[in-house]
Every structure is written in structure tokens, then in C-alpha cells.
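S.K.: Now for the letters of each chain:
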Amino acid sequence: EAGVTQSPTHLIKTRGQQATLRCSPISGHTSVYWYQQALGLGLQFLLWYDEGEERNRGNFPPRFSGRQFPNYSSELNVNALELEDSALYLCASIPARQTNTEAFFGQGTRLTVV
Amino acid sequence: LAKTTQPISMDSYEGQEVNITCSHNNIATNDYITWYQQFPSQGPRFIIQGYKTKVTNEVASLFIPADRKSSTLSLPRVSLSDTAVYYCLVGARVDNYGQNFVFGPGTRLSVLP
Chain A
1 EAGVTQSPTH LIKTRGQQAT LRCSPISGHT SVYWYQQALG LGLQFLLWYD
51 EGEERNRGNF PPRFSGRQFP NYSSELNVNA LELEDSALYL CASIPARQTN
101 TEAFFGQGTR LTVV
Chain D
115 LAKTTQPISM DSYEGQEVNI TCSHNNIATN DYITWYQQFP SQGPRFIIQG
165 YKTKVTNEVA SLFIPADRKS STLSLPRVSL SDTAVYYCLV GARVDNYGQN
215 FVFGPGTRLS VLP
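Just so you know, the sequences run in chain order A and D. In case it helps, my numbering puts the first sequence at residues 1 to 114. In case it helps, my numbering puts the second sequence at residues 115 to 227.
Read the hints as simulated data drawn from the structure, not as lab findings. Warning: the hint list may mix true and false statements.
Stated by the list, open to error - Quick list of the computed label-pair ranges, beta carbon to beta carbon:
(1) Pro227(D) x Ser7(A): 29 to 39 angstroms
(2) Lys166(D) x Asn79(A): 43 to 53 angstroms
(3) Ser188(D) x Gly42(A): 20 to 30 angstroms
(4) Glu75(A) x Thr170(D): 37 to 47 angstroms
We put the CB at the ideal spot given by N, CA and C, even for glycine.
Taking the hints into account, I'd like the entire structure generated from these sequences.
M.R.: Below is the structure:
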């Protein structure tokens with residue numbers, strides 16, 4: 001069974017540009033979480049999508065947005081990129097509305113803003 | 115979501131047993147305790163989960179006292195490859211109000227030769 005896949009693996013953008021990151025959850029999982037992890041720091045919760053809806057977001061500005069498609073894959077968009085947006089962006093999927101379950105992570109997208 | 119407190123970092127030597135304790139004073143009755151491991155530039159991966167007493171798998175053991183206000187992840191005979199950040203999560207429960215998989219800063223374990 002395929003795990004969580006993220007694309008691209010690496011992304012280099014210029015300050016002010018927009019970045020689009022993609023995540024495909026494990027088949028049958030309907031919830032997708034996005035995290036930002038700056039170098040040497042912990043995981044910062046960004047967004048949570050479930051059943052196509054944004055359920056919650058972390059303490060990030062509105063230029064961080066996303067969506068979840070009918071097949072439960074998800075996209076994270078970062079507009080007006082800033083240098084401090086450079087980080088590893090991780091996506092995780094969990095089964096639908098299960099309690100005390102395990103989150104499955106992708107390998108991440110390394111975004112570099114120059 | 116119950117707040118957790120872990121040591122920021124720990125050092126150990128190869129072959130030693132490492133115990134990482136997590137405090138979660140506000141754990142709810144239905145909450146489980148889950149530990150994740152993260153290597154640099156990779157996503158975290160599940161290590162072990164428990165509710166009470168002791169849980170053991172091929173990777174680690176998890177000790178939970180009767181009051182469940184803390185838990186201890188035990189890594190037997192660590193090797194250099196166990197150098198990673200270890201996260202303790204409590205009550206990773208999904209509900210209508212957005213209880214999320216919110217990770218704390220974790221414990222950075224460095225295994226030395």
C-alpha cells in the first residue's frame with residue numbers, strides 16, 4: 001500500500017512568488033494535516049482538512065491557504081513568499097474521524113525562498 | 115488537547131537504555147499517549163501508543179503510571195541511528211472542534227559513540 005506522497009520534493013522560489021505544494025494521503029484516509037518545520041525547529045501546525053473542508057488552521061497569516069479535493073488529496077498554497085517561509089513542509093494523513101489513531105507522514109517538500 | 119512537557123534534549127551513549135519522560139497533567143479519560151520519532155529532513159513516524167501500564171513492541175516500551183499524568187518512553191540499548199527527535203502526543207483525537215495532531219518541541223536525543 002502506498003504511503004503519503006508529497007510533491008515536489010524540493011522547490012526553489014523567489015521572494016514574492018507563489019508556491020504550490022501537493023499531498024496525496026493514504027488510500028481511504030480522509031483527513032490531511034499540513035505542518036511547517038523550519039530548520040532545527042519543531043513542527044508548526046498549519047492546516048487541517050477533512051472531507052473536503054478546512055477544519056482548523058494554525059497561527060499563520062492568510063497567505064497560507066489550501067484545499068482538499070474530492071479524492072482527498074490536498075494542496076498547500078503560499079502566496080507572497082518571504083524568506084522566512086523557507087522550511088520543510090510536511091503532510092500527514094489519518095483515517096476518517098478515528099480517535100487515538102496514528103498519523104502517517106510524507107517525506108515533505110523542502111521549500112527554499114531566495 | 116492535553117498539554118505535554120518533555121525535556122528539550124538528552125544525550126546518551128551507544129548500548130545504554132534511554133528513558134524519556136513526558137508530563138501530561140491534564141490528560142482526559144479517553145486519551146491515549148502516542149510517541150513519534152523524527153529523523154532530520156523526514157516526517158515523524160509512529161513508535162508506540164498506550165493507555166495504561168506498560169506497552170512493548172519491537173522498537174520501544176512505554177510505561178504509564180496509574181494516574182496517567184506522565185509516561186516514559188524507554189529505548190533499550192540505543193545505537194547511533196536512534197539519534198532523532200522524539201515527540202509525545204496525548205489525546206490526538208479528531209472531533210468537530212478541530213482537535214489536531216499538535217506537536218510540541220519534542221526531545222532531541224543524541225546518541226554518542
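S.K.: Give me the numbers of the hints this structure contradicts, sorted from smallest to largest.
M.R.: none
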